[in-house]
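Read off the chains here:
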Amino acid sequence: MLDTIGVASAEDLFAHLPAETRVRRPLAIAPGQSEYEIVGYFRARGAENASGYASFLGAGVYNHYRPVLVDTVISRGEFLTSYTPYQAEISQGTLMTIFEFQTMICQLTGMEVANASMYDGSTAVPEAAMMAMRITGRDHLAVSRAVHPEYREVLATYLQHQDTRVAEFEYDRETGGIDFASLERALHSNTAAVIVQSPNFFGLVEDVKRAAEMAHAVGALLVVVFTEAVSLGIIEPPRDADIVAGELQSFAIPPSYGGPFAGIIATREKYIRQIPGRLVGETKDVRGNRAFCLTLATREQHIRREKATSNICTNQALIALMATVFMTVYGRTGLRELAEQNLAKAHYLAGRLPLRFRGSFFNEFVARTNGRTPDEVNERLLENKIIGGLPLGRFYPELSDCMLFCATEMNRREHMDSVAGVFAAEEAYAR
Amino acid sequence: MIRKVREHPTQNEPLLFESSSPGKLGYQLPELDVPAVDPRAVLGEINTRGDIEGFPEVSEVEAIRHFTRLSTWNYAIDLGLYPLGSCTMKYNPRVNEAVARVDGLAWAHPYQQESLSQGAMEVISALETALAEITGMDAVTLQPAAGAHGELTGILLVRALLASRGDARKKVLIPDSAHGTNPATAAMAGYLVVNAPSNERGTLDLAALTQLVDDDTAAVMITNPNTLGVFEEQITQIAALLHSKGALVYMDGANMNALMGVARPGDFGIDVMHLNLHKTFSTPHGGGGPGCGAVAVKAHLEPFLPTPRLQRKDRGWSWDYNRPQSIGRVRAFYGNFGVLVRALAYIMAHGGPGLRAVTMDAVANANYLRKLLEPYYDLAYRSPSMHECVFSDARQAKRGVRTGDIAKRLIDYGFHPYTVSFPLIVHGALMIEPTETESKQELDLFAEAMISIAQEAEENPDLVRSAPHSTRTARVDEVTAARKPIVRWTREAAKNN
Chain A
1 MLDTIGVASA EDLFAHLPAE TRVRRPLAIA PGQSEYEIVG YFRARGAENA SGYASFLGAG
61 VYNHYRPVLV DTVISRGEFL TSYTPYQAEI SQGTLMTIFE FQTMICQLTG MEVANASMYD
121 GSTAVPEAAM MAMRITGRDH LAVSRAVHPE YREVLATYLQ HQDTRVAEFE YDRETGGIDF
181 ASLERALHSN TAAVIVQSPN FFGLVEDVKR AAEMAHAVGA LLVVVFTEAV SLGIIEPPRD
241 ADIVAGELQS FAIPPSYGGP FAGIIATREK YIRQIPGRLV GETKDVRGNR AFCLTLATRE
301 QHIRREKATS NICTNQALIA LMATVFMTVY GRTGLRELAE QNLAKAHYLA GRLPLRFRGS
361 FFNEFVARTN GRTPDEVNER LLENKIIGGL PLGRFYPELS DCMLFCATEM NRREHMDSVA
421 GVFAAEEAYA R
Chain B
432 MIRKVREHPT QNEPLLFESS SPGKLGYQLP ELDVPAVDPR AVLGEINTRG DIEGFPEVSE
492 VEAIRHFTRL STWNYAIDLG LYPLGSCTMK YNPRVNEAVA RVDGLAWAHP YQQESLSQGA
552 MEVISALETA LAEITGMDAV TLQPAAGAHG ELTGILLVRA LLASRGDARK KVLIPDSAHG
612 TNPATAAMAG YLVVNAPSNE RGTLDLAALT QLVDDDTAAV MITNPNTLGV FEEQITQIAA
672 LLHSKGALVY MDGANMNALM GVARPGDFGI DVMHLNLHKT FSTPHGGGGP GCGAVAVKAH
732 LEPFLPTPRL QRKDRGWSWD YNRPQSIGRV RAFYGNFGVL VRALAYIMAH GGPGLRAVTM
792 DAVANANYLR KLLEPYYDLA YRSPSMHECV FSDARQAKRG VRTGDIAKRL IDYGFHPYTV
852 SFPLIVHGAL MIEPTETESK QELDLFAEAM ISIAQEAEEN PDLVRSAPHS TRTARVDEVT
912 AARKPIVRWT REAAKNN
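These protein sequences, in sequence, are chains A and B.
Mind the numbering: the first sequence is residues 1 to 431 in the numbering used here, read in order.
Mind the numbering: the second sequence is residues 432 to 928 in the numbering used here, read in order.
Do not rely on the hints blindly, as some may be mistaken.
Computed cross-link-like contacts, EDC-like style, restricted to lysine to aspartate or glutamate with a CA-CA straight-line distance of at most 20 Å [as the list claims (entries may be wrong)]:
(1) Lys802(B) - Glu337(A)
(2) Lys802(B) - Asp12(A)
(3) Lys915(B) - Glu337(A)
(4) Lys455(B) - Glu337(A)
(5) Lys455(B) - Asp482(B)
Which chain A residues face chain B? A few, computed with CB under 10 Å, are given here [unchecked claim]:
(6) Asn63
(7) Phe79
(8) Tyr151
(9) Leu183
(10) Leu187
(11) His188
(12) Asn190
(13) Leu353
(14) Pro354
(15) Leu355
These are calculated hints, taken from the structure and not from any lab test.
Positions of the beta carbon are idealized from the N, C-alpha and C atoms, including for glycine.
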């Protein structure tokens, strides 16, 4: 090969690089290791993390069973090692699964159009907000404080140079749901969107219909966020929303210390040209056979450059495929049954703990600790090999005596009884 | 002659919704160990949904056949060369997949106690350190989820630094050869995009750039090697120019595969850059993600990095949220951790010397293809090629055959096409990046196919123009797809068909 190129060594191919750009020493990275050593290293790292614990953490990342079929499908090299399906003739497999994904997301959310995925739920929120601002030509946002706190942080980062004003409105201190008086005060003739989450960060089901009425009354759009996709198996989807932005981690995507996950944006047909990210459409090939291809690319950065609807390019295709396989395996009856199990488990645990809010909840709820701090309760639970709930003081100073618990189909009754036992003991001790 | 492939049947398969039958199941849940609750009672009638209309109902074997049949309609690296320029489609080692599934890593919850997350934090730290060494930069954030997300992070960092000096500035300069994400990103960060022209060598025109850089310039976004596969030989002068005006230099590191162990952006004047771990560091592209757009910076940008940052204390790793100058979070939690595990495994497998060898081989492979194809296709620029080479379709266009046609004909020869019609500064571009993981045999087969197509363009241009001929799906009507978008299946539409 070098003879053909006409050089004595590959080094010569770099001879034109100016001397001052060259690195004159070897990289300080240890020499290559064998597969055996690499597997050993990562097993050791895994062992340094929690292992063998029961967990009651949720807060945007949920512990659900992953059907074996999911990894079987995504491990096929034809899905795993293919590129973005720009060449439709040899990418029909990926394209058709994305079309199925878009369809299932519409069925699930009650929307008419869904894109091929966003990075995750947290980045889907600012993309939905910017979409609403493009549609309405307005630049104010009203955001519920019961939207995931980290999602709101990401929203603030994205919008810091967009001349956008973000007004946060309160949750009701009794119910934990939207404080509608506070929402009313946040609304404005220049409000582009009202952003709520349901079930909200506290696990509570929001009155989406009323939020929609109030948003629409001032000509704003309603953006509904979800972090727990399994809830859509049993909870009425946000049909009154204009844009739905969500996270699919619950659909067979491993927690993996926070990613990779898959976000979605779904909306009404009339807003299709304002949706960010990739879209797959159905068409025909020249022989008249059904075919699929990426479509409406004129919204995207590789065509429109600085006028694109977003800069997003690579998204989360393989992770979206995990969710697609999950939705296929559970299907029409299974997703509902799974949701019912989550509902039952969470209500069993909630029935044994002091609840902070009285709104309806799905598989997460806020418990109040009496006497002990949430961290102290969690220390006791760890002694029983149980990872407890998320202490909320870090995000909500007014809830520093509260913790967010999640129970899914993976949580067994005996562990829930242990949690209740620790709570009762701590309370007795504090008295 | 077509040597790599011959035709074989693939199976037909309808959409899941069309093959569903009521009552079919592919799952079984365990018996509930707690009392069931009535959803209507606890959620309220109005909040309880009915049936999920249209959702799939198939058995387990139907599900696996469905996805397996669909998979056979895809091309993939596992089937052969995938020469997409600037996409770096290299082999994805399977040990990376195995280690990403280690229980303690795959099932780690981002909010579990730090004392129970030390292994995950150690992995993040080890990867940050390795990427800083490879790039010659001082600090790395792994939070961005993909290249474009890394670009946004990087430009927000630039803006934050300039704003801290009381001068956020208004413009970002972007070469005309740049990837489309660069201008889209600058716009998202609130900057005005100004186009910077290339010269006859295919590199940034320093004289023109000198005219463009002024006191309102925040940064230049440069790709090096650029999208023509050409090293920006005046990069240190460019950086000095920008710095002399108080502006910064952003580097799109999409093409880092050309530089490992050879040249480090931190040594040639770059202030901030992103890396695509799903390109250079072998994490699988997965049909369009997930990726990771790690961002590496010099020390003066470190205070502005996204929160939280890892810090080492006596008792081990912890997350530092007290970062008053930070641009904020760009993503919930800590990034695409599963992708980070894979990238670190790749770096460990190669080590410092191995990464340098990767770059040597990648550049040698590209130059080998360039040499073999040069007699048949017009080289866009004569400048030395790094990891990719760009031709134009000028010669074939005279026979009515365009780059898109040649690309489609390559499919008949058993190859995925190169990158078509990009970079935009080359009319009818063929952008070819073989990567280091291809053997001489595979490269020779590819060159043979390209040469054969060049001959077909002369002798039988219609054969090329109507390609592909051997695929189960022929050329797709993308115009109708965009004019009347059908982006989901509905029962009503299906009935009307």
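Checking against the hints above, which ones are violated?
1, 3, 9, 10, 11, 12, 13, 14 and 15
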